[in-house]
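Chemist: What follows is the residue order along each chain.
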Amino acid sequence: MRYSLKTRMIFFGLMLHGAIWLLAASASSYTAANVIFETLDNDLKEQAQFIRFSSRLFQNFYSQFSVNEGYDPLTDSLAITESIGWDNVHVVVWDTKGQLIYRSSSAPGFDFPNVNGFVDDTYMKKGKENRWRIYNENIDSIFWVSVGMNTKHARQNAIDFGLKALYPMILIIPFTIFGVYFGSKKGLSAINKITAEVANRQPNSLVPISEQNIPEEIFPLVNSLNGLLIRLKNAIDNEHRFTANAAHELQTPLAAIKTELQLCQRSSDNPEVIDVLDRMASRVDRAVYTVQQVLTLARIESQDSQLKMGTVDLRSVVIEDLADLAHLAVDRGLAIDFPESEPWQIKGNKEVLSILIRNLLTNAFRYATSGSQIEVSANISDQHIEFYVANDSKFITEQEREKMIDSFYRLPGNEMPGAGLGLSIVQRIVTVHQAKLDIDSWKNDHGVKVTVTFSRVS
Amino acid sequence: MRVLLVEDDYQLGESLKSALSIENYAVDLETDGAKVIPMLKAGEYDMMVLDLGLPNISGDEILKKLRSADDPIPVLVLTARNTTEDKIESLDLGADDYLTKPFDIDELFARLRSLLRRSSGRARPVLISGDVELEPKDKVVTHAGKTVILTAKELSILEALMSRAGRFVSKSRLEEGMYAWGDEIESNTVEVYISRLRKYFGRDFIETLRSVGYRVKKG
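Protein sequence lines, in the order shown, are assigned to chains B and U. The letter at position 426 of the first sequence is residue 431 when you use my numbering, and the numbering goes up by one with no holes. The letter at position 38 of the second sequence is residue 72 when you use my numbering, and the numbering goes up by one with no holes.
If we strip away everything but chain B, and leave its shape as in the complex, we get:
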């Protein structure tokens, strides 16, 4: 399972935002609850104060005017209190001995208080637990007042407040997603740029990746990758140089051997000697051919990253190479079928493509069954040019066909001169051109069809 960094960043970004929202909502609910309960306490205190104030007022009033007959200042103050009708506030009044004097309607039976101040208590009502906030006060050592309020509403209000504080945040969610998405996209664009650069490289390019504008996080990665590329390039260059030098150094001694051999052939009259010399000459020729093929391969490998690519009509290259080599086939009595066609426009290097074509043609001309027909043609589709060379041959098994591309592999019993490098060279050129090489059977394994599929250029 491969994770996208962007998906991760968006996922964690949104998770974090969600957590922050919850935290913010809890905090605002908590603050709201504090404020609401403070207000509630003040209300209760005020109510008690009012009772105290009004009872003292009535007491003063009655004692001043001596009208206390049949009037009770407490009852009157409670009557006023009741007439004002504080919302949800309930009042219970006792005398100092605990005798209930007054109880507002639907007030629960508060416990008789013994200290001034706030008390939290729980009462059952209709099987439900109700939590109350109660303020007790002893007024002038005459009576006790308990002022209480059911805190259900207050708590509900606090939660509502917290949720309402969340509403604007819900509106912000789309913006947050948008922001997180674009933020991570923008942040990752540097990585995407490097990915694109690496993806669009020539397949054989060992040129270091540009280290400009690379984010700090992946700089060490790019840096060590570049180090690796440079070491790899040096190693490959050394190997190519060694191969090329080795092959090159073989050419002069081979030339000397060949010259001596030919001198011997000229000066000898003995048919047996001439026979031996002929065989030696053909072996020297094979060595010469191998050395040349190795040189060709080394040359293509050492220059493949700097090959100049342009639009090429592959068909016209094939025509020139066919013209150059066809006598090898026609003089052997082989027929060449090269149908008329529109141009085969591809992107490539003409000189190197010519090496590919010549290798395929030479193979076909060499190994084709006498008197058979060789097909040189292409299937054209919108995207591709499938250039192929097909020839009849002796029976070839699938395993043999698969091994053909291997360097120095030669079919068993092959008496033709050759190094077994032709298809390795072809494979190399195919790779340089980002093309595809297929070796298929032809006429029930009594033949070979080599196809190179190029991208078509319109």
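Heads up, some of the hints might be wrong.
[As the list claims (entries may be wrong)] List of simulated lysine to aspartate or glutamate pairs, EDC-like, C-alpha gap at most 16 Å:
{"#": "1", "chain 1": "U", "residue 1": "K252", "chain 2": "B", "residue 2": "D336"}
{"#": "2", "chain 1": "U", "residue 1": "K121", "chain 2": "B", "residue 2": "E356"}
{"#": "3", "chain 1": "B", "residue 1": "K355", "chain 2": "U", "residue 2": "E119"}
[As the list claims (entries may be wrong)] Chain B residues, not near chain U, derived (Cβ > 12 Å throughout):
{"#": "4", "residue": "L105"}
{"#": "5", "residue": "G122"}
{"#": "6", "residue": "R304"}
{"#": "7", "residue": "E345"}
[Claimed, not checked] Derived coverage of chain B by chain U (criterion: at least 3 residues anywhere in the stretch with Cβ under 8 Å from a Cβ of chain U; other residues may be distant):
{"#": "8", "stretch": "253-266"}
{"#": "9", "stretch": "314-326"}
The set of hints was computed from the structure by calculation and includes no laboratory data. No experiment lies behind these values; they were computed from the predicted model shown. Glycine residues also receive a C-beta, built at the ideal position from the N, C-alpha and C atoms.
Based on the hints, put chain U in the right spot on chain B.
Modeler: Just chain U, lined up with the frame of chain B:
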């Protein structure tokens, strides 16, 4: 004929020297590049066979010095470097011909003969294919001994085919030879001239490889 053979590989040099001696060339072998110019000044050589990878002074340097001093001696370059660019570079530096190692001594002899002919101003040899002969210098064509008069374009195509007798020549290469005449080349111009040549020399004189090109028999 005196030939200066410059080859740093002594064994190959010795082999070549004996090969050239059989062909009646008088050969001096030299392995040191630095001694070549003084030797050329001192001795009367008819031509030089020059290896490029030499110690002290490279073959390229020798060629440059020779040609900048206007020395016209025919030079055949013999080298292990075998890319087209290498060949072009040597020819541009003033080499008259180029042969890559390893080579066929018969080809070496043929090239030396051709070099001598050119330097002595003699014409190229007569081109022969079957009973048709073409003398390249005066453009005289004979068919079974009888002279045939051809137009310039017919001659251009015939010469292109006969100078590569035995091998096919692509249609586009034949067309290139005709552009020199400045006329418009139609898509079937080559076919028209091929059929004219067949009328002169017989149907089988020119062989067709469909969609590729034409050839005449060798010899």
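Chemist: Hint by hint, say whether it matches the structure.
Modeler: Hint by hint, here is what the structure shows:
| no. | hint | in the structure |
| --- | --- | --- |
| 1 | U/K252 with B/D336 | 11 Å, holds |
| 2 | U/K121 with B/E356 | 15 Å, holds |
| 3 | B/K355 with U/E119 | 14 Å, holds |
| 4 | L105 | 121 Å, holds |
| 5 | G122 | 107 Å, holds |
| 6 | R304 | 7 Å, violated |
| 7 | E345 | 6 Å, violated |
| 8 | 253-266 | holds (count 11) |
| 9 | 314-326 | holds (count 3) |
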